[in-house]
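Given chain A, work out where chain B should sit, using these hints.
For the record, the sequence lines run as chains A and B.
Note that the numbering used here has the first sequence beginning at 1, numbered continuously upward.
Note that the numbering used here has the second sequence beginning at 1, numbered continuously upward.
Treat the hints as calculated values from the structure; they're not laboratory data.
There could be a bad hint or two in this list.
[What the hints assert, rightly or not] Restraint-style ranges between C-beta atoms, simulated for each label pair:
#1 A:K379 / B:G85: 22 to 30 Å
#2 B:V26 / A:T73: 52 to 60 Å
#3 A:F110 / B:G27: 48 to 56 Å
#4 A:P472 / B:R38: 34 to 42 Å
#5 A:P472 / B:A51: 31 to 39 Å
Only a predicted model underlies this, so the values are computations on that prediction, with no experimental measurement involved.
Glycine is no exception: its CB is placed at the ideal position from the N, C-alpha and C atoms.
If you want the building blocks of each chain, they are given just below.
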Amino acid sequence: MRLFRKRVTPITLISNDEIYFIIQGGSGEGKISEPVPLHSLLRGEVDSSVVPEPFREQGNRVMVVPDYWLGNTSFPFQSRRKSLVEAFLERKLGEEFRELSGVKDFFGHFFYQTDQGETMLYAYFLREQAFFELYDRLTEWDLSPRRITTPAFLWEYRLKDEISDFQRGGKAFVHTVSNDCFLYFFFEGHYLFSRQITLPEVQTDPSDQLDTLAYETDQSLYLFSQKAKAEIDRIYMASFGYVEASDLAEKLDREVEEITGLEEELTEDSMTIGHPGLLSGFCLPDLSRTHKFLSISHKQIEKEQQWKPVQQMGIAVGLILLLLLSGEGLLLWKWSRPVGVEATQGRDAGSMEAVRALRQYNEALDLFLKESQRPSASKTIINLARALPEDVWIKEMVVETEPNPGVVLVGTVRASRPGQFRETLTEFMENLNNHFQGTRSLGLQDIDLDTEECETENGYHTCVIAMKFALP
Amino acid sequence: MDRINKRWIVVGLIWAVALSIDYWNVGEMYRITEARERKVFLKMDEQFLRAHSQEITESLEKREAFFHSVEALNLELLTVENELGVLAEEYELTAVDVQSQPDKANGGSIPVTVSCEGSLRKVVECLEALRRDYAYVPVTKVTIEIEGRGAPARCEISLNYRYRIVGPETQT
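The following block holds chain A by itself, in its conformation from the complex (with noise of 0.2 Å):
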C-alpha cells in the first residue's frame, strides 16, 4: 500500500477543438473534465466556471496542444551564447508572423550535432493563432499554464528510452488508437513534422483501415524524404485499434517494428489519463515536472522558473539567518537588562560623588602639572643676573611665563678692543646656557648687534644686543 502518493501534474488538453481539463481522480487514474468547445471559449460565451475546482486549485502545469500549433526549424548557428541566439530567434519570428505579436513569447532552441558532426540550431514555437487567444483567457484566469507541448514532443521522449539508435536518421512512428492514427517523424533524433489520419470504421473486415494507412503512410514518407532530404531508416508503430505491424509491413513491403509492452505498461499503471485520442500510450506520471520533454514557456515565466531556485534558496537562508539573529536578539536582550539594571543601580550617588571627587582630583593635578611647568619669573631674572659678564648690562628685560615662556632682552656691551666683544658675548652665551638649561643651546648667531648703534667713549666701544631665547 502507498502511503504517500505522488501529486500528479493537472493537464489541460487541446483536442478536436475542444478544451480538456485532466486531475488524478480519488483512485489514481485521469479525471477528465466534460470537453469545453474552444470556440466558445475564445468568444467568451462561457467563463471560469467550466473549469473544475480542483483543477483550479492546483493550478495549470502542463497543456498539450495538437502538433499542427507547433511549428520548428533547424539550422547551421555559429555561436552558443543564449543571448544572442534568443534575441535571434526573436527578430526573425517575429519578422516571419508579422500578425502573430505573442510568437516571440513562446519558442524554445537547443543544439544539437548532425551525423556530419555540423552543429545545428533546433528551433521550435507556437505559430498557432488560437493558442495566443487562448492563453490570454487562461491568464485572466490566473491558469496560464507553465509548460506547453504536444504528443510529438511526448513521443519523442518516450522513443528515446524505446529506440537505441534514436539519434540517428530518420525514423516514422505509427500510433493507431482506434479508428485514430496518428503518424510522427523524427529526423536525428528530432520531431520533424507528425499528422492526423481518422481511418474508416471498421464493420467486418480491417483491410479498408490497413490500404488507408499504408497509403497516408507512403504519402508522408514522401514528404518527409522531401523535407529532411533524407529516407527513414525504419518504421516504428503502436498498435491499440485493428491494423498490426506485421500487416503495414508486409502492405509497405518493408520492415515495421511493434513496440511491445506499452499496453501493459498503461493497464499495469493505475494512473491512466484515460483520453482515448491524443494522449493514449501515455499515462499521468509522464507528464510530471521531473520528465524533461520538449516544452515552451512564456518567455517570463521561463525567467520566473531560472530565478526560482536562486529566489528560494535566498529565501530559505534569509530565513534561517533570521531565525538564528532573532535569537541571538533574544539572548542578548535578556542578558542586557541585568547589566543595565546594574548600570542604573552604579549610577547612585555615592557613586556620582565619587566620579565627581575623581574629576576634581584629576582637575587639581593638571593645575598642579601645569603650575609646575610655569617658569619662575623670579628665578629667570636671577639667572639671567647671573649670567651677565662684567661688560654686559641690561637696558630692557621682558619675562614672559605664560603662554608663550620666553626672555627678550636688550642691552649694552662694552669692549677696550674690537676683538673682546666676541669673547664677552660668549662668555655670556656660555653663562646663559649653564643657567638656562633645557632651553635650545645659544650661541653667537642668536645676538643681534645693532652696529651703527656703536659708540666710543673713553676708549671703551659700546654696542646696543638685542637676544630672544624660549624659556624651558
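Same frame as chain A, but now just chain B:
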C-alpha cells in the same frame, strides 16, 4: 506585479529584517560591553578613592590655594589690588600703581598689572613673595627697564587673578 518581482520583494524584506536585527544585535553587544566596562571602571574608581582618600582630600585642599574664593568679585578685586600695592611697598618699591582689567575677564580670571620702581633685587624679592603667598595671582609677564648701571629698575608685572565665586556657606 508579476510573481518574480513579488518574490524578490519577499527576499529583500527577509534580508532587510535579518540585517536590521543583526545591526541591532551588534549595537546591543556594544551597549552591554560598554555597561560592563563602565561598571568595572566605577568599581576601580571607588577602590582608588577609598585607597587614596587622604591624598585626594589634600590635593583638593591644595588646589583651593590656586583660586581666590570670593562672594562679591568687585569688592574682592579691590582688596586684592590693595594687598598687591601694600606688598610692593613692603619691598620698598615706589611709584606703585595697580590696575585691573575686569572687562578682559576670561573664565574665572582677570588680568592685573602692577607698575613700580625700585632696585632689581627688591623687585625679585617681591616676585618671589608673590609666588609664595599669592598662588591665585600667578605672574604671566615681567617687563623691566634699567636706564643705566646702578639705576633703579622700572618694572611692569602682569598678573592673572584667578577667582571662584562661592556662596557664603562654602567659603573657605
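Take the C-beta atom of K379 of chain A and the C-beta atom of G85 of chain B, compute their distance, and say whether it sits inside 22 to 30 Å. holds, 24 Å
Do V26 of chain B and T73 of chain A keep their Cβ atoms within the hinted range of 52 to 60 Å? Distance hint for V26 of chain B, T73 of chain A holds at roughly 59 Å.
Cβ-Cβ distance between P472 of chain A and A51 of chain B: within 31 to 39 Å? Since the Cβ atoms of P472 of chain A and A51 of chain B sit about 34 Å apart, the hinted range of 31 to 39 Å holds.
Taking the beta carbons of P472 of chain A and R38 of chain B, is their distance inside 34 to 42 Å? Roughly 40 Å apart at Cβ, these two residues keep to the hinted range, so it holds.
Cβ distance range 48 to 56 Å for F110 of chain A and G27 of chain B, holds or violated: holds, 53 Å
Going through the hint list in order, the structure satisfies each hint without exception.
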